[in-house]
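Asker: Model the full assembly from the supplied sequences, consistent with the hints where possible.
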Amino acid sequence: MTDGQRLSLHVPEPEVRPGGKPDFSNVPIPKAGSVRRPEVDVDPKEIRDFAYSIIRVLDREGEAVGPWAGSLTPEELMEGLKHMMLLRVFDSRMLMAQRQGKTSFYMQHLGEEAVSCAFRKALLPGDMNFPTYRQAGLLIAGGYPMVEMMNQIYSNDADPLKGRQLPIMYSAKDYGFFTISGNLATQYVQAVGWAMASAIKNDTKIAAAWIGDGSTAESDFHSALVFASTYRAPVVLNVVNNQWAISTFQGVARGGSGTFAARGLGYGLPSLRVDGNDYLAVHAVAKWAAERARRNIGPTLVEYVTYRVGAHSTSDDPSAYRPKEESEAWPLGDPVIRLKNHLIRIGTWSEERHKQMEAEIRDTVVAAQKEAERHGTLHSGGRPSMRDMFEGVYAEMPPHLKRQRQQAGV
Amino acid sequence: MPRMTMIEAIRSAMDVSMERDDDVVVFGEDVGYFGGVFRGTQGLQQKYGKTRCFDAPINESGIVGAAIGMAAYGLKPCVEIQFADYMYPAYDQLTQEAARLRYRSNGDFTCGITVRMPTGGGIFGGQTHSQSPEALFTHVCGLQVVVPSNPYDAKGLLIASIENPDPVIFLEPKRLYNGPFDGHHDRPVTSWAGHPLGEVPAEHYVVPLGKAVVRRPGSAVTVLAYGTMVHVAEATAEETGIDAEVIDLRTLMPLDLDTIVTSVKKTGRCLVVHEATLTSGFGAELAALVQEHCFYHLEAPVIRVAGWDTPYPHAQEWDYFPGPARVGRALRDMMET
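Those sequence lines, one after another, are chains B and H.
Sequential numbering of the first sequence, starting at 1, is according to the working numbering.
Sequential numbering of the second sequence, starting at 1001, is according to the working numbering.
It is worth saying that the hints were derived from the structure and are not from the lab.
Backbone N, C-alpha and C define an ideal beta-carbon position, used for all residues, glycine too.
There may be inaccurate statements among the hints.
[Claimed, not checked] Chain H side only, calculated, beta carbon under 8 Å to chain B, not exhaustive:
id	residue
1	Tyr1033
2	Phe1054
3	Ser1191
4	Trp1308
5	Thr1310
6	Pro1313
7	His1314
8	Asp1319
9	Tyr1320
Answerer: Below you can see the structure in the form of structure tokens.
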């Protein structure tokens, strides 16, 4: 040992663990409307501060304020509210179905509905998302049939993926939804490649990449940023920061970087942070970023600041690693309630009509669920055939697999 | 003697090792405060502090790469990859770095790391939570590969792995964490409480690497198995009434060839079973070795029963899993040969 200073290892820890009092005082929340709205061809160097701020539109009173307001009509906002409510009810029904043993696994969106629902409305037909497991709002808001989603979750005989995939790992090319993989971050760079292909072919389509806060630690995230930056790919690079990666708080992936958006600065990417629980802000920023891609200006990194209210999946109990009350203390509120309050404030909505719509949505989802269950659930009723297991490994089944299928007697 | 489940035995192995040796450190995704998604490291951070047991960023090549650096310094890292299916980003670090540090530096640097990872199916995990990638490691010169089948072995083998001066891939059949599993998925789950190998000493002991064990003596046919398939093979022998000798390989690399050869020379027949896909699986290596060493004693061709050559499906999990029906059919066919 030398006489030098004794070293010690820094291991980051969240502010609070179970038993403690939730505290988000370390999360600075700028006032709604306080962040300027530049033109889409702004020099990224001039908006480096955006990576450390939060673009917000809805204020505490439910008023839409500032330069990012006004990207949607009241009718479009009504539709957005409906999508988020659909997703929420869908989630609660499927979560219950999992608990009833009708499927093996489920992952819900509670608290994060605005991110994927609002983003979807900034895309055009032909654009492609490379989603993670928590962006089903892209399908709901894109008009994908809910029954098909349930068929996939139940792995029944109408499952479009033939029972091969874990529940919620949907695939829907016609709806701009790339097949979900169970491993992390791999698809982030694929989105960049898809966007590069669109540029190579002088097409007009853009891509959207999706990742969670924890997975930004994966090498593939950084690969994506390099490729996007180098080739100015027409892609929107989305980071959904819901604060928790299973039990690991966001500080472990973020490290010394002030924010996840700030990761983009080193790559010269315009990097924005947005209030992920504000439907209007998410849409406005998504539209801005999509326009940059569409006008061939290049990629944009967007961090959605939100909170995962539920468990990571049906396999973990969050009360083992964070205070139960933490979600209530989250300073950005609930996306459904905030949009509802805004619509009431502008006079297009009321509590009564909201309750009525809740009931209607419940009926719609229950009806879809009944229809899906007629095709079976994981352990009862119709199921994909054993034959399906051998199909689709290759375009044409090679001899060894034919032999194995024969051996299996199907 | 205390009774432990396999996950408790694995935790106890790390606990005992950390207690005895300050150089043993444990990290991986969710392993710190939470204690791992399968609870493998529960309580270790509280007991040994957060610089000896901590959460890693979600970056498997980072986890293994950092472990290699720590081993180069002189620590003994025992890291967790949350599922074996997540190890691929770390494959470069494992195969071209960890495996070769000793060789390429002529012993100037060594890499005594243990990389734990849950393996195999049986929990409806679909294609990214069910894989058995052991053959991708046995093919790499410099790596050792261990697959325990019960709590007693799991603890002794993990301690031996942590104390080993070279890298060890420690594959934990996740379906065995809480109880033995013989492939009868439609029967009530059993626990380790009634199993003799659920008796696990609380203190330090090792089960040496490279030693197989005869789990069920028999005279008619040798069944080579490891991990979950050991239980499937044992149950199938009982159910079919075929007097099979079931060998639990425990360590795939280095492999205990003597135990295999002695048994096959005695029985004259050999069935190889594994859950991993058939083609280029570890069973191919075993079949080749058996015919090289026991050819003149064989009364029937060596047969393999393995996972089909498809990704691990979700809904058809039990069609895919090489359970007692398939193993039993193969045993009966062999006996008719």
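Asker: Each hint needs a verdict: does it hold in this structure or not?
Answerer: Okay, the hints, checked on the actual structure:
1. Tyr1033: Cβ of Tyr1033 of chain H sits 6 Å from chain B, so the hint holds.
2. Phe1054: holds (5 Å)
3. Ser1191: violated (20 Å)
4. Trp1308: Hint on Trp1308 of chain H: holds, closest Cβ of chain B at ~5 Å, below 8 Å.
5. Thr1310: holds (5 Å)
6. Pro1313: holds (5 Å)
7. His1314: Interface hint status for His1314 of chain H: holds (5 Å vs cutoff 8 Å).
8. Asp1319: holds (4 Å)
9. Tyr1320: holds (6 Å)
The earlier numbered hint that this structure contradicts is number 3, and it is the only one.
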